[in-house]
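Here is what each chain is made of, one letter per residue.
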Amino acid sequence: MPEMNTSSLPDLIFTILFFFMIVTTMREVTLKVKMTIPQGTELEKLEKKSAVSYIYVGPPTDALRAQMGSSTRIQLNDRYAEPREVMDFVAQERQGMANQAEQVISIKADSKTQMGIITDIKEVLRKSWALRINYSATRRQ
Amino acid sequence: MAKKKKKVPGLNASSTADISFILLIFFLITTSMDTDTGLSRRLPQPPENEEDQSTVKFHERDVLNVMINRAGNILCGVGYNKEQIDINQLRGIAKEFIANPNNSSTLPEKMATEIDLLGQCFITKNHVISVQTDRGTPYDVYFQVQNELVAAYNELRDELSKTKFGRPYEALTNEQQVAIRAYYPQKISEAEPKNYGGNN
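Protein chains in written order, with the numbering used here: chain D, 167 to 307; chain C, 268 to 467.
The set of hints was computed from the structure by calculation and includes no laboratory data.
Some clues are possibly wrong.
[What the hints assert, rightly or not] With a cut-off of at most 30 Å between alpha-carbon atoms, the simulated DSS-like pairs for lysine-lysine come out as follows: (1) K211/D to K293/D; (2) K278/D to K272/C; (3) K454/C to K278/D; (4) K454/C to K215/D; (5) K274/D to K362/C.
[Unchecked claim] Simulated restraints, written as ranges between beta carbons of each label pair: (6) F184/D to I352/C: 48 to 56 Å; (7) A267/D to S371/C: 36 to 44 Å; (8) S237/D to T380/C: 44 to 52 Å; (9) Q356/C to F180/D: 55 to 63 Å; (10) D244/D to E327/C: 44 to 52 Å.
Cβ coordinates follow ideal geometry from the N, Cα and C atoms, glycine included.
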């Protein structure tokens with residue numbers, strides 16, 4: 167029986183490899199808050215990822231709880247922040263964007279969060295004219 | 268003896284496949300092809316100046332109040348008649364409120380409006396769904412309420428596009444979608460939170 171010619175196998179695998187290398191997006195920020203985002207049914211996909219900025223809301227992760235306590239915190243980029251700092255964050259994010267009018271703020275908040283902090287964020291977002299927001303959620307099965 | 272021409276030995280490439288397999292597996296694992304999903308909302312524009320916060324007056328019948336207290340209980344009703352409801356009832360109530368199918372005098376007034384493609388329609392143009400929360404309201408309950416309200420609109424739009432165009436809303440052309448949206452405009456307002464669940 168003749169042996170199968172496997173000389174093109176590496177090329178094949180390389181092609182698949184390149185595909186995955188291109189679609190892979192490594193998570194940019196390390197999460198410092200723990201969150202389980204709510205589940206919904208009427209969700210829309212977030213398109214144009216380059217125009218999306220994320221605000222994370224939730225209690226600090228287990229590792230950081232000893233220092234930071236367990237009350238709900240806001241995370242912007244790589245650090246904890248106060249609601250009023252959201253304004254600078256939005257302006258900063260907006261500057262790096264090609265299509266500034268399409269800026270979307272995605273709020274990834276833990277489902278046990280109290281609305282007070284969410285409302286504070288929304289008020290600041292309103293003041294900074296970042297009016298398109300998205301309550302991040304997963305699809306309910 | 269003629270000098271034998273030295274042959275360059277071929278590189279043994281049989282392990283390239285293994286190497287690229289390992290790389291492939293690494294990227295397979297680290298890939299998160301997560302598509303971010305969520306409920307999209309548009310916030311109202313900030314007030315022009317702080318003093319002039321004149322609120323637009325609505326008729327009592329045009330406003331559906333949905334209040335969520337800090338325990339996550341939902342109070343819902345048109346005007347001042349509110350009662351406690353379950354989250355599962357909200358979609359039905361919202362649909363009836365938005366569409367006002369029986370032209371009831373306690374639900375939003377229907378007005379004649381000209382819409383492209385649909386002609387003259389009687390729609391509840393001025394209805395508003397007002398969601399009020401307490402500072403202590405759980406985010407999850409608030410999110411579920413928003414979800415149900417959006418679901419109510421989506422169902423109504425779907426029903427209308429099936430009767431008018433014979434296809435679900437998703438399958439319509441752009442102009443048709445605009446017409447359907449004009450028929451059922453999404454009006455969910457969010458009032459500032461109030462402390463009506465008792466102070467902390």
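Structure-based check of all given hints:
no., hint, in the structure
1, K211/D to K293/D, "26 Å, holds"
2, K278/D to K272/C, "78 Å, violated"
3, K454/C to K278/D, "26 Å, holds"
4, K454/C to K215/D, "27 Å, holds"
5, K274/D to K362/C, "28 Å, holds"
6, F184/D to I352/C: 48 to 56 Å, "54 Å, holds"
7, A267/D to S371/C: 36 to 44 Å, "41 Å, holds"
8, S237/D to T380/C: 44 to 52 Å, "49 Å, holds"
9, Q356/C to F180/D: 55 to 63 Å, "57 Å, holds"
10, D244/D to E327/C: 44 to 52 Å, "49 Å, holds"
Checked against the numbered hints given earlier, the structure breaks only hint 2 and satisfies all the rest.
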